[in-house]
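Just so you know, the protein sequences line up as chains A and B, in that order. Residues 1 to 760 in this note's numbering are what the first sequence lists, from first letter to last. Residues 1 to 153 in this note's numbering are what the second sequence lists, from first letter to last.
If you are wondering where the hints come from, they were derived from the structure by calculation, not from laboratory data. Since the model is a prediction, treat every value here as computed from it, not as a measurement. Every residue gets a Cβ at the ideal spot worked out from N, C-alpha and C, and that includes glycine. There is no bait here: all hints are sound.
Computed beta-carbon distance windows for the label pairs: (1) A:S282 with B:D17: 18 to 24 Å; (2) A:N61 with B:I76: 30 to 36 Å; (3) B:I76 with A:R199: 40 to 46 Å; (4) B:Q52 with A:K393: 41 to 47 Å; (5) A:D394 with B:K79: 42 to 48 Å; (6) B:K79 with A:S296: 49 to 55 Å; (7) B:D17 with A:G456: 26 to 32 Å; (8) B:N123 with A:P364: 52 to 58 Å; (9) B:E89 with A:D366: 56 to 62 Å; (10) A:N61 with B:G29: 30 to 36 Å.
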Amino acid sequence: MTMASLGKITRRAFLGVLGVGAAGIAVGYYYYRKPYPNPLEGELAEGEVTFNPYLKIGSDNTITVIAPRAEMGQGISTTLAAFVAEELDVTLDSIKVEHGPPSYAYYNAAMLEEGGGFNFWDESFTAETVRGLMGVAGKMLGLQATGGSTAARDGFDRMRQAGAAARMMLVDAAATRLGVSASDLATDNGSIVHKASNRSVTYGEVAIDAAKLSPPSKVVLKEPASWKLLGKPQPRVDMLSKVTGAPIFGIDVRQPDMLFGTVRMSPVFGVKPVRSDVSAASKMPGVIKIVPIDSSYGSGFGVIAENTWAAFKAAEAIEVEWGQPAYPATNDGIMAVIAEAAKSGDASAMRDDGDVDAAFADAPQDRVIEAEYSVPYLAHAPMEPMNCTARLKDGVLDVWAPNQMPVLVRWFCADIAGVPGDRTNVHTTSMGGAFGRRGELDFAIYATMLAKETDGRPVQVTWTREEDMRRGVYRPASVGRFKARIGDDGLPVAVDMRVAAQNMMASLLSRWFPSLPAGGSDPSITDGARNQPYTIPNYRVSEIQASLPIPVLFWRSVGNSVNGYFHEAFMDEIAHAGKVDPIEMRRKLMADFPAALAVVNKVAEMSNWGEALPAGKAKGFAFTLSFGSWCAQVIQIADTPAGIKLEKMWIAVEVGTAIDPGIIEAQMISGAIFGLSAAMSQEITFGDGMVEQSNFHDFDAMRMHQSPEFEVAILENFHKMGGVGEVGTPPAAPALANAIFALNGKRIRSLPLSKEVTFA
Amino acid sequence: MRLTVDGKDIDINADPDMPLLWALRDIAGITGPKFGCGIAACGACTVVIDGQPVRSCSLPVGDVTGSVTTIEGLAIDGKLHPVQQAWLEEQVAQCGYCQAGQIMSAYALLEEISDPTDEDIDNAMGGNLCRCGTYPRIRAAIHRAAALKLARA
Chain A
1 MTMASLGKIT RRAFLGVLGV GAAGIAVGYY YYRKPYPNPL EGELAEGEVT
51 FNPYLKIGSD NTITVIAPRA EMGQGISTTL AAFVAEELDV TLDSIKVEHG
101 PPSYAYYNAA MLEEGGGFNF WDESFTAETV RGLMGVAGKM LGLQATGGST
151 AARDGFDRMR QAGAAARMML VDAAATRLGV SASDLATDNG SIVHKASNRS
201 VTYGEVAIDA AKLSPPSKVV LKEPASWKLL GKPQPRVDML SKVTGAPIFG
251 IDVRQPDMLF GTVRMSPVFG VKPVRSDVSA ASKMPGVIKI VPIDSSYGSG
301 FGVIAENTWA AFKAAEAIEV EWGQPAYPAT NDGIMAVIAE AAKSGDASAM
351 RDDGDVDAAF ADAPQDRVIE AEYSVPYLAH APMEPMNCTA RLKDGVLDVW
401 APNQMPVLVR WFCADIAGVP GDRTNVHTTS MGGAFGRRGE LDFAIYATML
451 AKETDGRPVQ VTWTREEDMR RGVYRPASVG RFKARIGDDG LPVAVDMRVA
501 AQNMMASLLS RWFPSLPAGG SDPSITDGAR NQPYTIPNYR VSEIQASLPI
551 PVLFWRSVGN SVNGYFHEAF MDEIAHAGKV DPIEMRRKLM ADFPAALAVV
601 NKVAEMSNWG EALPAGKAKG FAFTLSFGSW CAQVIQIADT PAGIKLEKMW
651 IAVEVGTAID PGIIEAQMIS GAIFGLSAAM SQEITFGDGM VEQSNFHDFD
701 AMRMHQSPEF EVAILENFHK MGGVGEVGTP PAAPALANAI FALNGKRIRS
751 LPLSKEVTFA
Chain B
1 MRLTVDGKDI DINADPDMPL LWALRDIAGI TGPKFGCGIA ACGACTVVID
51 GQPVRSCSLP VGDVTGSVTT IEGLAIDGKL HPVQQAWLEE QVAQCGYCQA
101 GQIMSAYALL EEISDPTDED IDNAMGGNLC RCGTYPRIRA AIHRAAALKL
151 ARA
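Chain A extracted, bound-state conformation:
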């Protein structure tokens, strides 16, 4: 396969983002103000019209709202639909919600706006300008992406405006139809009513006329006080299908005449088979064809068969010897590279307040604490293993992909199939979890490659769990070296944090655009440490890049999952060294940040922090500001004969505006359990250059009996809306580690915690 033709287009497009300072400005005002074409124009049913990329209305009054972000469990389809429905004045149970086609019209500006490396609370001219330019770049690239806990923030204005504008057009059309003034009409769940004459028309009856009108140049959005849907828990639009086993996931796609398949890729990263023999596997019952795969993601084999089981058996039976790794073959060897970087690698200060070197130069030895922390690589391990279904027939490519990046899936798969993008249909299914993993393209690329081998028959390519685990793209391992000088009042005078990890963006680009040189800083290496609302006179957080070719990627909360633990566990050490209560210390260090103080105080009150606990019980605290939301957690644990039991977690989170409190509560608990699961037992390690874990028996997550009780408080004081999907994860690990220290005095500086303690 060649990616040459693709490389030309995508490199240009991507440089628009990478070189935002130059390319972004040069494109000019007109281009980014101009709206993208409405992708729904081309796919309307009989009697159906569209008002904007978010709304279709049929003459039978069927109202379809497009929620163009990946539904992977976070409830975004419900929240986005509610934005449109609120202003359109319809209830959620009276509309259909669809994901819609991949389109540049659905670019995610918010995702890039926070990618510029500025602190969330920084509203300086420079920070706001960079945010604006980054958002513009998101539009030019047409980055229809789901990630960074951005979807609700991105859709909040755009989708409410879409609903409001359509409602105004419908009312105007109804006014003409009824021969009355628009100001005498009211809307009521899909109908337009003229009270004085007791006449009404449905949206569907006037939709065709309304769609011919020009969109209003100015729309007025409802005041939050008059919201009917927003701000209140809504029944999720996907709940019924999920309690009845409906075929909504990628793996449930069924097409006429469909074949099944799987892949077996090199478990050593970056190598090809040295020797292989597929003859025995090819002759197994139900096997149709075994084909070699060579891609920027790796090399190996694709198996096409009559059913998934036959494909799995044949893949296992392929005789193959893989090449040797171009990186240390053992886990110790890999971690040593990162540890050495943390110790002596070139550091770039990402935050540098005061004069850290001077503060340590004259520090008395007994007032300085030092620590080395580390976290392992982690797999995403969503419940639904990677899969994708593809069909290449009569010059048209159809790809059914549970994915977070539909525009990129279309680019790459069209290129592989040799068909134009406008003859490539990407159908984004519901996802059985993603956590970042489905932002990759490997599953779609492989399915498209196999679809070229089936004479037009569709093929569903499902990975085994073992393949999913061992051919993942991992949360980077990281090593941190930290130092603090404690002042006479017990508070830190100086904090110096060096954090080393692989450059995630460089790793990603090496898979998407292998010929593109990638370099520069990766702000995610220090995300969650460099940008926390603490005032410390001398405060430095430095990034050090460790050079390794292990494929790494965003994992729920990205760098915050690493640095939440590093920063907050080390803060707990500082509090202990200074003989200050950990929450009392935060109150002092966060005095300049009322939003942070409020959640700290709230969680202290909820958890009755400071109460005397019976022997064998303890609490731990942690705080992380991530994705624009401020989250404080306290966990209570108990020592039991079976091991440490997690009894209860209290969470206080400041989100600015709570769009759906029910979903926010669920996401806070979900994020915390995700973080606790990793902290307790998860690690991806290497032997012979290959991932050693293979399935849930050796890469498990929290189970029902291990789950603590939860209590969640949602605060809405800050003037900017924060994200929700990832915010619960970062403080979970340090809260638990700090509780364990309070319980038994064991300061655990390396995850997972199960290396040091047993959990019930």
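Starting from the structure of chain A, add chain B where the hints point.
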């Protein structure tokens, strides 16, 4: 071979060694039970056979002797089973992928114990993994389902 699935007799032409899960999904077109691990470690594929929750990914279809109930057979004449109704009312599911298996394990639990304690729930549900962390709502939904079931009886 002939199987009884969700009250219907179906003929399945499959290798007897093929796990029940793949026979249901790829041959019979019953996609409610999900594939998660293939080694009976996650419970996404759980079906109920003669009242017992079974991991269909690890049971050869040739060894199936009883009547199989999947998530698709729980609702009767469009009326949700109390367990499904409770799941709906508690708004349990997030990604939803594990929930077919969770619901089937909860269904089997409630057939066995009409008003389970938290400890009963811990014991019955430990084999069902949820990566979204819906456990607190699953627990609440099982208690609610027990009440709904009693009310309907």
